[in-house]
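Given chain A, put chain B in place with the hints provided.
One line per chain: the protein sequences are A and B, in this order.
Anchor point for the first sequence: position 7 equals 6 in numbering that gives the first Met the number 0, and the numbering is continuous, going up by one each time.
Anchor point for the second sequence: position 36 equals 35 in numbering that gives the first Met the number 0, and the numbering is continuous, going up by one each time.
If you are wondering where the hints come from, they were derived from the structure by calculation, not from laboratory data.
In this text, all values refer to a predicted model and were calculated from it rather than measured experimentally.
Treat the hints with care, as some may be off.
Stated by the list, open to error - Computed list of lysine to aspartate or glutamate pairs in EDC-like fashion (alpha-carbon distance at most 20 Å, straight line):
(1) LYS142/A <-> ASP16/A
(2) LYS368/B <-> GLU96/A
(3) LYS6/B <-> GLU148/A
(4) LYS320/B <-> GLU288/B
(5) LYS6/B <-> ASP16/A
(6) LYS331/B <-> GLU122/B
(7) LYS313/B <-> GLU227/B
(8) LYS368/B <-> GLU98/A
(9) LYS365/B <-> GLU94/A
(10) LYS558/B <-> GLU156/A
(11) LYS368/B <-> GLU82/A
(12) LYS557/B <-> GLU122/A
(13) LYS6/B <-> ASP40/A
(14) LYS72/A <-> GLU358/B
(15) LYS557/B <-> GLU98/A
(16) LYS368/B <-> GLU59/A
(17) LYS558/B <-> GLU516/B
(18) LYS41/A <-> ASP274/B
(19) LYS365/B <-> GLU82/A
Claimed, not checked - Computed footprint of chain A on chain B; a stretch qualifies when at least three of its residues, placed anywhere within it, have a C-beta under 8 Å from a C-beta of chain A:
(20) 168-179
(21) 338-349
(22) 366-373
Ideal Cβ placement from N, Cα and C applies to all residues, glycine included.
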Amino acid sequence: MTLLKVLSEAAFVSGFDVKTSELHGLSQRGGSVSVYIRFGDKVWSPLVPQGQADLIIALEQQEALNGLYFANKETVFLVNQYETPTMAQTANQVEIEAELRKITEKVNFLAASEICQKELDAEVVSGVYILGYAAYHNFLPIKLEAIEEAIKKTIPEKYWEINFKVLELSKKS
Amino acid sequence: MNENLQKTILLGNEAIVRGALEAGVQFVATYPGTPASEIGNEFAKIAKNNDQLYFEFSTNEKLAIEAVIGASFSGLKCLCAMKSFGLNVASDSLLPFLYTGSKGPTVLVVADDPSCHSSAQSEENSRGFAQLAHIPILEPADSQECMDFIKLAFDISEKFSLPVMVRLTTRVAHQRSVVELKVQSEKLKVNEGEFISNKHQFVTMPPRVLEMHQELINKISSIAEFAESSEINAIINYQNLKSQIANFKSKGIGIITSGVSFLHTMEALQMLGLDLPILKLGFFYPLAEQKIKDFIKPLKKVLIVEELDPYLEKEITALAKEANSKLEIFGKNILPEVGELKPEQIVAALAGMVGKKIEVAPTNFKTIKHSPRFCTTPMCPYWKVFAALKKAAPEGAIFGGDIGCYMIAGFSPMQVYDYMFCMGSSIGIGHGIAKATEGKQKVVTLMGDGTFFHSGMPALLNAVYNQSNILAIIVDNRITAMTGHQPNPGMGENAEVGAVAEIKIEQIVAALGVKVENLKVIDPVDDFDGMVAAIQEFYPKNEVSVIIARRMCALLEKKKEVRPLKTSL
Chain A
0 MTLLKVLSEA AFVSGFDVKT SELHGLSQRG GSVSVYIRFG DKVWSPLVPQ
50 GQADLIIALE QQEALNGLYF ANKETVFLVN QYETPTMAQT ANQVEIEAEL
100 RKITEKVNFL AASEICQKEL DAEVVSGVYI LGYAAYHNFL PIKLEAIEEA
150 IKKTIPEKYW EINFKVLELS KKS
Chain B
0 MNENLQKTIL LGNEAIVRGA LEAGVQFVAT YPGTPASEIG NEFAKIAKNN
50 DQLYFEFSTN EKLAIEAVIG ASFSGLKCLC AMKSFGLNVA SDSLLPFLYT
100 GSKGPTVLVV ADDPSCHSSA QSEENSRGFA QLAHIPILEP ADSQECMDFI
150 KLAFDISEKF SLPVMVRLTT RVAHQRSVVE LKVQSEKLKV NEGEFISNKH
200 QFVTMPPRVL EMHQELINKI SSIAEFAESS EINAIINYQN LKSQIANFKS
250 KGIGIITSGV SFLHTMEALQ MLGLDLPILK LGFFYPLAEQ KIKDFIKPLK
300 KVLIVEELDP YLEKEITALA KEANSKLEIF GKNILPEVGE LKPEQIVAAL
350 AGMVGKKIEV APTNFKTIKH SPRFCTTPMC PYWKVFAALK KAAPEGAIFG
400 GDIGCYMIAG FSPMQVYDYM FCMGSSIGIG HGIAKATEGK QKVVTLMGDG
450 TFFHSGMPAL LNAVYNQSNI LAIIVDNRIT AMTGHQPNPG MGENAEVGAV
500 AEIKIEQIVA ALGVKVENLK VIDPVDDFDG MVAAIQEFYP KNEVSVIIAR
550 RMCALLEKKK EVRPLKTSL
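Only chain B is shown next, with the shape it has when bound in the complex:
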């Protein structure tokens, strides 16, 4: 019994892993991306020689979810984790997976990054996939809920044969808080998976695909009924947490919220000394519509507290037309739509609604923000790559950036990049510029080894095939560094078995059609002059050329020196 009550502190992502293990997960695939990366790191620690768990760092998110789909079809309990943008990559396979449904229970963990603490590209809100993919979405607020919701998500997936998404945000994934550990379930061995052919269910060909669409809609209706009675959609009173009888009459004001916004809201109520009823939605999709209607019916005003887009607010506005047409709905009119929410913003919003005066804290002080930069102790090899470019690339060169440590060159004071989008896009967009300017404006792209394996390969193929003239520099630091040193195919090891055959980027580049005379592998630290000379030589070429600047991440090199016998990270 004691084991059941063991309390400890876990990071949200660690709690996700622990919850999945307690639920008996057997098959896990992920691609690292902040703020989801530690999920893979934690599984990687226990993956080796473990006959109850298969784990892989896939080479991109689409491949991660495809691996999981195959394992689910083979009856295993599966988990797939990625960051927000990873879901875009995975979406092509995710949507049909909702049509076929899961066989082995399957949970998808997606971590968004409001305020873009560790994200370029866009301030994505993955809740939008609820409508696009019809995937049920749960939103935990703290580490305990990460554990509980993961287990619930497996239960829902098992009951309704659909994959279920658990959506985190940075302040949930990277929140440390107290959890109660339970005993891990008895697990089956991974090799007990068996694929039993079921063409009716696993083949999404027309006209069957339309039936599947209808089946999906029916399943979502059933899950909506389940959500109505689920404990994770609960009315909470600040003063009396367990009370289901809300303090409606005092002010006629209520709050609807979900995820970490719930915690900020409770904080705000505490600071203001208010006791207002809160409807906390654990289910973002499907919504417990009746529960929401019952909650808003006696209210005069409701505040919807949610980060980024007003998805809940729009749904609740529609529900209010029927349930309480006089209800005043507050949301994005008094809370920001951009950036993560902070407790003080909710304090200000609530104070305004109840007519309470608050002191405005001063903000007119001097601040100094340090931009991220390449490591200096030990010295990052990318310094040398950019020094060589500065020396060798003529005025007028266009620099295309990509996703990885080298994107730091886009920050002040270097500000190297002329465009930067998403994983693998530097080559694709550079190719478009080369074509649009008929090769007169030269594009130099920078992409890391991990990103090349992730999505750079098809882009390079397209550039060669369609006769581009970009100079692609692949900065190969022998590991996926930015997200915390996860292995990739170029370094000769994987998380599950350890040493594997090393995949040579130069062989892939050659196979994609880049000519031998247009390809060089150079160590930018040991052979800086060679790096400069190669840029000068390739820059005027009228064909696609590639320089692989190969030098191990200095942090990794240091680690390997300290622990020369240990090959795993």
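This is chain A alone, in the form it adopts within the complex:
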């Protein structure tokens, strides 16, 4: 949710029209949550239509599978190599990657949680790591400076430093 706020602000300061859709309440309690952002010259629906996503970020690797509905053969997947402990059925990374590659070749797994935990002792910023990675590697038409500006506008000042550090970190991978 914070990630969505940062990205929408970054898109906005980059001069795009922006619409997002997010979910709160019960749907936020540890279950699967999909949030959407669309930006461009003019955006109508806040929802991404089926098969129309340009970029899908999965903060948990199994959630990447839920993104397939929105993917096409050009869609880029950025998947955090992190697994939520669950009592339900699971799929391992090899299985997940095979499923994703049935639709698109542009599948990237990132050890975002592990790197953020190791380098910054803050697994929680892994989302910003992936965002920085996406911007730095041109998966997003947004500059890292715009993301920094968005962080300043949306996140309390005491957390700026760690977020800027994670953006630096994301350039190294």
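Below, chain B alone, put in the same frame as chain A:
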């Protein structure tokens, strides 16, 4: 001037708040419920020490609207917000409020949740209240419209002395999009409210009540005329948004829609490369009937795009009999009646109507859905409550669920509950089961502190009075947690003044007639064994018994540790 053109991104609910402040709202009452909760949260942030705004989290929606009715009668500009089901609770007071009308302009914001992203109970469509209560309803599509429609709703309320409802859905309330901020109006102070007795208008006794009914019908007729010329009911062309001359002749197909469905429809037209005229209805009730008739008159086919029940479709079908009897009307025959609409469904519907072939995207891939679960970092105290129940409750126990974080135990793999309905119903329904089975089947109910204050108290009174034998467990985590940590009477603070006297649930339970020997307060984390023993002790009782499992929400505890000096949330 610069201030007038300041653009920013706001969540739909934040835009509602901003619009209300720009309109000069003075009195706000709400009960939190997703997807409406942030409206109260935003007002709560600015309520303290603010002599231009009174704000409260009421203990339920009926009380929220009653507070607002009183403030409106006292001349203040009022707003009341709630989720769909809250309107059911509030409806007993809402209906007569339409009869008396408002004095201070009053707007009711109701947020529906098609697809039940954060709702159990039912996939409610609050538009149904238009016919039941005769309340004017506006439906915004994006954050800018949330701001604009709130202000318009206050204007309509002021002009016609009726409360006006602004109906949101999840994809509007929880949509972030660009808005243009305007300067906030000069406000009067809240203490300038004055109740001037007007028995003719505020007392709904017969035979006067029948006159009021007629007055309401007359007001709605006047608002219908207003709606005919309102800019928020507009014909829109995809290619030329401002054009009022629709491109009728090309295909003879038009679209009528409202709310977020309009945005999905525009998206669908863009994807299909179609340019069809759209009548976008900002007013759901009363309908601009003449405008609709004029729109459908030259058409061969019309598609009605609306979520859930076909309310518009039925009205338009009736209007078409007079305006264009040969019109082919499409709606729920090609769009789903269950679940929120998605752009791709409208793409498919339109493609079918214009005879355009579209590629069907594959959907046969593997997915894994994670169900909501209790927090683990930090550890939710409810884990311990359910562990104790698993250990202590005998086979055959019937578990009644209620609305709050503890309802998560109803999801796989726990699937604890044998029945679950609406706020406060676990005790009432459990009582019915106890009576129907003559107490042979034991019912254990689970209800949170917020829900107990909301509507659990009368249910417990009824169960005691009518000699039930249920075991009610009140899981008191010291806050209304699920909707995002709003204060309630049990925690000793409110949004307006901060610290207030703490209301003790055990004292209420005792006052409702539960005997001292049938009542225990236990910390399920520190005294897990005591929790198990209490369930074992109370389970066989032939009278109503209550265990208050009191342990602060772990997230709240963590917050308090981080910010020990700050008492507000």
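Self-check item: Hints violated by the structure (numbers, ascending)
Solution: 15 and 17
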